[in-house]
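Novice: In the order they appear, the protein sequences are chains C and B. According to my numbering, the first sequence is numbered sequentially starting from 7. According to my numbering, the second sequence is numbered sequentially starting from 7.
To be clear, the hints were calculated from the coordinates, so they are not data collected in a lab. Incorrect hints may have been included.
Stated by the list, open to error - Far from chain C, by Cβ distances over 12 Å, these chain B residues were calculated:
id : residue
1  : 175
2  : 382
3  : 385
Said to hold, decoys possible - Some chain B residues flagged as far from chain C (calculated, every beta-carbon gap over 10 Å):
id : residue
4  : 195
5  : 214
6  : 224
7  : 254
8  : 384
9  : 387
Claimed, not checked - On the chain B side, residues computed to face chain C include the following (Cβ under 10 Å):
id : residue
10 : 316
11 : 319
12 : 322
13 : 361
14 : 395
Note that the Cβ used here is the ideal one computed from N, Cα and C, for glycine as well.
Number of protein chains: 2
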Amino acid sequence: MIAEVVSVGSELLAGQIANTNARYISEALAGVGVPVMLQTAVGDDVGQIERVLRAALGRADVVVVCGGLGPTHDDLTREAVSAATGRLLERDAGLVAGLERRFARMGRTMSPSNRQQADVPAGAVSIDNPVGTAPGIFLEDEGRLVYVLPGVPDEMEAMMRGFVLPDLSVRTGGSAIVTRTLRTAGIPESDLADRLAGVIGPNVGVYASEGEVRVCLTAPASDAGGLPGLEREVRTRLGSLVYGEGDTTLERVVSGLLRQRGLRLAVAESLTGGMLASRIVGVPGASDIFVAGYVAYSARAKIRDLGVPPDVIERHGLVSTETAVAMALGARARAEADVALSTTGEAGPSPAEAAVGRVCVGLSWEGGDAAWTFGMGGGREMIRRRTCTYALNRLRLWLLGDPGLG
Amino acid sequence: MIAEVVSVGSELLAGQIANTNARYISEALAGVGVPVMLQTAVGDDVGQIERVLRAALGRADVVVVCGGLGPTHDDLTREAVSAATGRLLERDAGLVAGLERRFARMGRTMSPSNRQQADVPAGAVSIDNPVGTAPGIFLEDEGRLVYVLPGVPDEMEAMMRGFVLPDLSVRTGGSAIVTRTLRTAGIPESDLADRLAGVIGPNVGVYASEGEVRVCLTAPASDAGGLPGLEREVRTRLGSLVYGEGDTTLERVVSGLLRQRGLRLAVAESLTGGMLASRIVGVPGASDIFVAGYVAYSARAKIRDLGVPPDVIERHGLVSTETAVAMALGARARAEADVALSTTGEAGPSPAEAAVGRVCVGLSWEGGDAAWTFGMGGGREMIRRRTCTYALNRLRLWLLGDPGLG
Chain C
7 MIAEVVSVGS ELLAGQIANT NARYISEALA GVGVPVMLQT AVGDDVGQIE
57 RVLRAALGRA DVVVVCGGLG PTHDDLTREA VSAATGRLLE RDAGLVAGLE
107 RRFARMGRTM SPSNRQQADV PAGAVSIDNP VGTAPGIFLE DEGRLVYVLP
157 GVPDEMEAMM RGFVLPDLSV RTGGSAIVTR TLRTAGIPES DLADRLAGVI
207 GPNVGVYASE GEVRVCLTAP ASDAGGLPGL EREVRTRLGS LVYGEGDTTL
257 ERVVSGLLRQ RGLRLAVAES LTGGMLASRI VGVPGASDIF VAGYVAYSAR
307 AKIRDLGVPP DVIERHGLVS TETAVAMALG ARARAEADVA LSTTGEAGPS
357 PAEAAVGRVC VGLSWEGGDA AWTFGMGGGR EMIRRRTCTY ALNRLRLWLL
407 GDPGLG
Chain B
7 MIAEVVSVGS ELLAGQIANT NARYISEALA GVGVPVMLQT AVGDDVGQIE
57 RVLRAALGRA DVVVVCGGLG PTHDDLTREA VSAATGRLLE RDAGLVAGLE
107 RRFARMGRTM SPSNRQQADV PAGAVSIDNP VGTAPGIFLE DEGRLVYVLP
157 GVPDEMEAMM RGFVLPDLSV RTGGSAIVTR TLRTAGIPES DLADRLAGVI
207 GPNVGVYASE GEVRVCLTAP ASDAGGLPGL EREVRTRLGS LVYGEGDTTL
257 ERVVSGLLRQ RGLRLAVAES LTGGMLASRI VGVPGASDIF VAGYVAYSAR
307 AKIRDLGVPP DVIERHGLVS TETAVAMALG ARARAEADVA LSTTGEAGPS
357 PAEAAVGRVC VGLSWEGGDA AWTFGMGGGR EMIRRRTCTY ALNRLRLWLL
407 GDPGLG
């Protein structure tokens, strides 16, 4: 089975947003053995959408359409699917009732334009939307499978996971492309590529983003016998640089290690300004392992809220390993936590350009502390995100008992 | 003139990367008055690329092709352009000499595969690549303009700026598309669409994301006379729902208002867990208006760090307007701030599903306080993000002196 992805939205053609939905859908389809042959983005024009859909239905076995299912006048995907397949739109009474219940629960009145979200082409099945109001649409048309999903990423992803992928997995008998992703932190892409020289090739790719590098191993299921050996080789060469697999995250791994060891964490943040706490709190069950966070952006807040001695700041500066350690120590004491992680640094755009990207991370635990200083490029947002990744990775290595720690 | 963008690369179809090049090219073309009607992504398959190019040349006046110009055997765009236009590839001696000089400068030997980067279709002109080795290709084919650029973003962007955009500006006489984006918060997309009934149409579109809705006004420069009137109408109907224009953000607007009024902010966060502070600290110059943030995730942290009276939590619960106000009051006092904003709520996935998405926001200032409670759908991350947007918007309205405030 071969798929095409059709994204609908004039904002894509105007270049106001990148087509991240097509990326998500394509990766997910590949994961269940349905490779994507073409991605198309088309504007909010019913004739254009219809033309693109007809062409896709003429070439592919599976067409995933994304966007244009909302309640406004420029949401035209329903009409276009109807026209391209010659199936009239019918209002689904069950869907109307479901929408009414949903609006009642939220204490909102349902507008007439919401009601048209219950229109589906004749013979189609609606796909439940667990996180929004626009239902999706599934229909089989002359042997072609058509899945129509909303363009809001959360809603689209929930329907891919909840309906499209399980449905396709059953149909393909699970004959997937086998993909295995190893996630690393703490090493630049080019250094990692050097470590994997001779291994990187048609089955092994390396992709960098925001201070992390992913190693992807890929093969068709029929030819996946070599993957375990390749994975062993990659793991041997990379050691503890690999922090996890699949779609896990560094904060999820760190949360798991803290839970395993029965430790509770506090964080003290300057330049990351809450982002580090937010990443940790984003993992379900955070209350088991996270105690408190302090965003101490000014020197005064560092002294008042974290008890950093003024003379440490005076002698070593706000961006110093000494201040980072004092911040971590203060956060741990105040929050009555077992371990505390801190960040301080200069994210720019001011002051002196030379200082921008210099960052210190501190760690304090019962009986010891450690700190690291490093530099990086990128804009304000990128520096803050990379600092969080760096800090989380340092905490991970400490939790693993990295012998490199003092 | 109407354009299409064709992106070449199997990594796009595998979903390994998002098609950010198509976004850049589309936005840039719109800026010189050449709207994009279709974006297509195709894999490294010479037959498929040729087919897509033929179709694009049959519909558009301008085709920008991106990717597949490198030196490896899966770089097939040259061959496909040659096949689609019936123009044989010819080796350009001048380009070979240029490549040789470039390699000599870098102290590297030129491989035979690099040499084939000097192949161009008959009658085509090469486009200088100031930042890499792969030259671009420009050709006029039966009245169609074809620009072929490398897929490396830096190289593509340099050639867009250096060649494609100046060339097209001359041809269109500089007739740009005029776009104006109004950003709103505090109203769902469908309600906003109802308020704009009769205005939404070919020149006015509405796009929702993460608790915000953007209203985009668009027209070709030659026909932009009506936009100011449309914008006035939209602003009249939406009033203070419009928080800004263009690519500003809610946190940027709130930071500006705080600065104007000489007020300094503290935040106290439960379910948002640092995300609210992080959004504010993300705006350059945050130290002028932001004092401190407290992530008090547990009841104990709320009592200890924010001085929330235990009996308030006992009587009203952790997710209550009373607790939200006490958190804000405590943060303001501890941080010696002028105003403090707080969030508390249930982001899921546990406990009782009914409670998930119930959120309270509190505000405390010298002489008063206020709190709001509301519900929303979505996953954990989405609920947290929407709560931040809701809270920032409440603070904005207070800073504007919204008369609805107690």
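Novice: So, for every hint listed, does it hold in this structure?
Specialist: So, going through the hints one by one against the coordinates:
For residue 175 of chain B, the requirement that its beta carbon stay farther than 12 Å from each beta carbon of chain C is met, with the minimum near 17 Å. For residue 382 of chain B, the shortest C-beta to C-beta distance to chain C comes to about 7 Å, within the 12 Å cut-off, and the non-interface label is violated. Against chain C, the non-interface label of residue 385 of chain B is violated: not every CB pair exceeds 12 Å, the least being about 6 Å. For residue 195 of chain B, the condition that its CB be more than 10 Å from all CB atoms of chain C is violated, with the nearest at approximately 6 Å.
Separation of residue 214 of chain B from chain C is inadequate, the least Cβ-Cβ distance of about 7 Å not exceeding the 10 Å criterion. Distance check on residue 224 of chain B: its Cβ comes as close as 7 Å (rounded) to a Cβ of chain C, failing to clear the 10 Å threshold; non-interface status is violated. Distance to chain C confirms residue 254 of chain B as a non-interface residue, since its nearest Cβ pair spans about 14 Å, more than 10 Å. With a closest Cβ-Cβ approach of about 5 Å to chain C, residue 384 of chain B is found to fall inside the 10 Å limit, against its non-interface label.
With 10 Å as the threshold on Cβ separation, the claim that residue 387 of chain B sits away from chain C is violated: the shortest Cβ distance comes to roughly 6 Å. Hint on residue 316 of chain B is violated. Least Cβ distance to chain C is approximately 17 Å, over the 10 Å limit. A hinted interface residue such as residue 319 of chain B counts as satisfied when its beta carbon comes closer than 10 Å to some beta carbon of chain C; here the least separation is about 15 Å, so the hint is violated. Of the supplied interface hints, the one on residue 322 of chain B is violated, with its beta-carbon coming no nearer than about 19 Å to a beta-carbon of chain C, more than 10 Å.
The beta carbon of residue 361 of chain B is not positioned within 10 Å of any beta carbon in chain C (closest approach about 12 Å), and the interface hint is therefore violated. Among the interface hints, the one on residue 395 of chain B is violated; its C-beta lies about 14 Å from the nearest C-beta in chain C, farther than the 10 Å criterion.
The earlier numbered hints that this structure contradicts are 2, 3, 4, 5, 6, 8, 9, 10, 11, 12, 13 and 14.
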